[in-house]
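Chemist: Take the two lone chains and join them into the complex the hints point to.
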Amino acid sequence: MPPPVNRRTGFSRRAQFSTFIGYVVGVIGVFIGAVLLVIYAVDKTAFSGARGLAADATAPAARLTAGGRTAGTNIFAVIAGYFVTGAENARLQREVALARVRLVQAAALADENRQLKAELHLANSGSQHPVANAWLIASTDSSTRRFATISAGYSDGVRTGMPVVSPLGLVGRVLETGHKSARVLLVTDSESVVPVKRASDGLPGFATGRPDGLLQLRLISLGINPLKPGDAFVTSGSGGLYWPGTPIAVVSSLTHDGAVARVLGTPLASAFVTVQSIWNPIADTTLPPPPSTDLRSKPRS
Amino acid sequence: MIAPRLLGSQSAAARPRLNRTASPLVAYFTPWFTIVLASTMPGWAYIASSPLMPPLGFLMLLAWRQLNPGLLPVWAGLPLGLIDDLFSGQPPGSGVLLWSVAVLGLELVEMRWPWRNFLVEWMVSGTIIAVYLLFAGVIANGRNPPDWLALMPPQILISILVYPLIGRLVARCDRWRLTPFRIVR
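One line per chain: the protein sequences are A and B, in this order.
Per this note's numbering, the first sequence starts with residue 1, numbered consecutively.
Per this note's numbering, the second sequence starts with residue 302, numbered consecutively.
Chain B on its own, in the form it takes in the complex (with noise of 0.2 Å):
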């Protein structure tokens, strides 16, 4: 018992879970913190002089409602599309508005469809994230030229072929998340 806590070796799963629970606060508010984290971060990426990084908190917060719908109530993207327009440059009020719908449009899609594999949940969030930053371009840029379509392209891209690995730290965070750290006496 005392060999493996000498040399530092005691892993999670190691760990005694005898008298000890995952603590609420950490549990429930975990999602939240993440997404916002995930908003914030892009902008220190480095200084662009094109939109090339892709929304991470956006795919932090399909990632999330996909893996586990239940955890983040339908209206989070109202308050979690605010701070994102606090950073993300985009005139204030367009991430409410995309996030919110993007999330009803997720609770569309798991009404109709219960049963998904990877490919098609892939694919749900995929249509999300091209259709999410057109019209975030549209709403930034309504009145100028649209010569910033031709930009578009390899964000989507980009943005697409991440969610996977989103959706894979998105899975840890979620193990992490209930941990059972907190002794209960």
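Bound conformation, chain A alone (with noise of 0.2 Å):
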């Protein structure tokens, strides 16, 4: 049991004076931390730069734990491989003898796209840009809110915005950038909103990020759930930002409104991610041109 610490200041008023100042430093404290608060709730860029240059300082040290971390996992997988093989194998067979079949499929169906495309005069350039290519080296693990920090900054032509993928599926988006690094707002944030479309037929929705690592699909048309489990969902390119196209959820379970997903490219699991440019749907030169006055002035048979 240590022994209560000795509060006399005395007679010397120099330790008075000090230890009242400490007091009132400390509950001035608590008003600049709420004065802080409401500044961040007005703006949300007022202390980006200083998020930024913490980042960057601690960037380095991060690095070098993200690349134990991947051996750490490596390591799993490879003893939970001894237990597993034989099964995986024959499983992995059958999904590879299906997989030929759908790839001849897919290929005949990227041949028929291409002939069409050339019918319709859109030149086939719809690569998404790869900015840069980074480690996701830390993440906000303690705290309800998901963000990670990437080990490519603005020097690397990171900008706010860019949509960030892994070869899974979509990871996020970045929200902040310092020097050499940067930081992500992840899907699964509770702030995260994603315009996307179920891959079998185009059935549009948005996906919000849930505090337990899944996400919520919301249905833009209501009525009758049309979703099941095991739905793919990927981005639907709405409102720019994120490419179409790119896998980000699975549906795992349904509820009254939409379904809850389990995300594809999960940050546990892809520690090297890409940065893509901003998708722009206006300066895209693979849309067709919108239609013209005269097409629309055609006199009705």
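Hints were generated in silico from the structure; no laboratory data involved.
Each hint should be verified, as a subset may be incorrect.
[What the hints assert, rightly or not] No more than 25 Å apart at the CA atoms, straight line, and that leaves these computed lysine to aspartate or glutamate pairs for DMTMM-like:
(1) A:Lys44 / B:Glu408
(2) A:Lys197 / A:Asp212
(3) A:Lys228 / B:Asp448
(4) A:Lys197 / A:Asp257
(5) A:Lys180 / A:Asp43
(6) A:Lys228 / A:Glu95
Modeler: Now the structure itself:
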């Protein structure tokens, strides 16, 4: 048991004064915190500079741990491999056989697509321009908000708003940039809203982050819920920002107005990510030109 | 005298203490430095999809204040909370506000109950940790539906259970802080 601290300042004016000032500043700290919260509520970009600086300062150390983290994950995967290899092998062989057939079908479709685009005189340049490749080096794992830090920043060409993807799917978008690091709003954050569509038929909706790391899908058209578990969703690209066709989630369970979906590019699995340029549908040359006036004034038969 | 040096087995305790004193810089800045380090570190552990890591910086602050109350001033929550806000992902200001309130709260407990044992200290800090995490959640998702509340119990439990370990670590740091490695001439 530690002895209580002697708080008697005696007759020393200096000691009395410094103790008093200590309490005053302590209370002022509470008010400063409240004021900062209000400032942030009004202007969300107010502290991005300071955050960028802080992320830059810790990026080298965070990068080292990112490497160790990847190695650690691999070790567990290797150990798990010893137990499930046989069943996994059989399943994979079945899947490869199916995938070969699908691949042929897809090639035929791609060919047909190319022909149709040629007939419509569309340029076939809808490629998604990667800006930078980066490690996911840190995340806010003690807070209820979902941010991550990537190891590429303003000097690598990363700008605010750029989508961040992994080979598995959409991860998030850049929120603030530092010099050599950037802060990413993950799709699972509660403030993240991504316009999506069902991969099979283009049924439109929105994907909002849930605090438990899943996504809440809400459909634009209300009515009978047409979703089924296992439905895959991709970004629709409406409103710009995210490139259309990026895989994002698979429905895991249904709710009354949509579904709860599992994120495909779950950050735990994707240590290495790509930052893409912002998709700007106005400037996209792959879209057909807007209908001209003489088309509209065509006499009706 | 030569043999242990050759073997490299000189521990801190066995080191000669004559003509040596603790560095005032280390003695004063160790708590600040360890808290800042603990604020930045939880983010490196893994890329999270839900909050699970204890707020290590906050636990460290509580532990230093409980172990050695005179070391950090009452206003320590202001600068340290500000630094924590840069890394924690909370809205800026939430750390400043909650850390300042927590330190003032600990100060009140200390004035009211000067003699405490381990269990009382743990109960006090456990209560502060739970309240802190809940209010941090409120500040971060005030406008959203309250489904984030369901995720809080595991993190609160882990944080409370981890706290005594952080206390031991802080005690180690407190001993190291006063290691006499500066040679007085």
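Chemist: State for each hint whether it applies.
Modeler: Okay, the hints, checked on the actual structure:
1. Proximity of Lys44 (chain A) to Glu408 (chain B) is assessed by CA-CA distance (about 33 Å); at most 25 Å being required, the pair is judged violated.
2. A hinted pair counts as satisfied when its Cα atoms are at most 25 Å apart, and Lys197 (chain A) with Asp212 (chain A) qualifies at roughly 22 Å.
3. Between the alpha carbons of Lys228 (chain A) and Asp448 (chain B) the distance comes to roughly 23 Å, so the proposed pair stays at or under 25 Å and holds.
4. Distance hint between Lys197 (chain A) and Asp257 (chain A) is fulfilled; the C-alpha atoms sit about 15 Å from each other, no more than 25 Å.
5. Note on Lys180 (chain A) and Asp43 (chain A): the hinted pairing holds, with a Cα-Cα distance of about 24 Å set against a maximum of 25 Å.
6. Taken as a hint, the Lys228 (chain A) and Glu95 (chain A) pair is honoured in the structure, with Cα atoms around 22 Å apart against an allowance of 25 Å.
Consistency note: the structure conflicts with earlier hint 1 alone.
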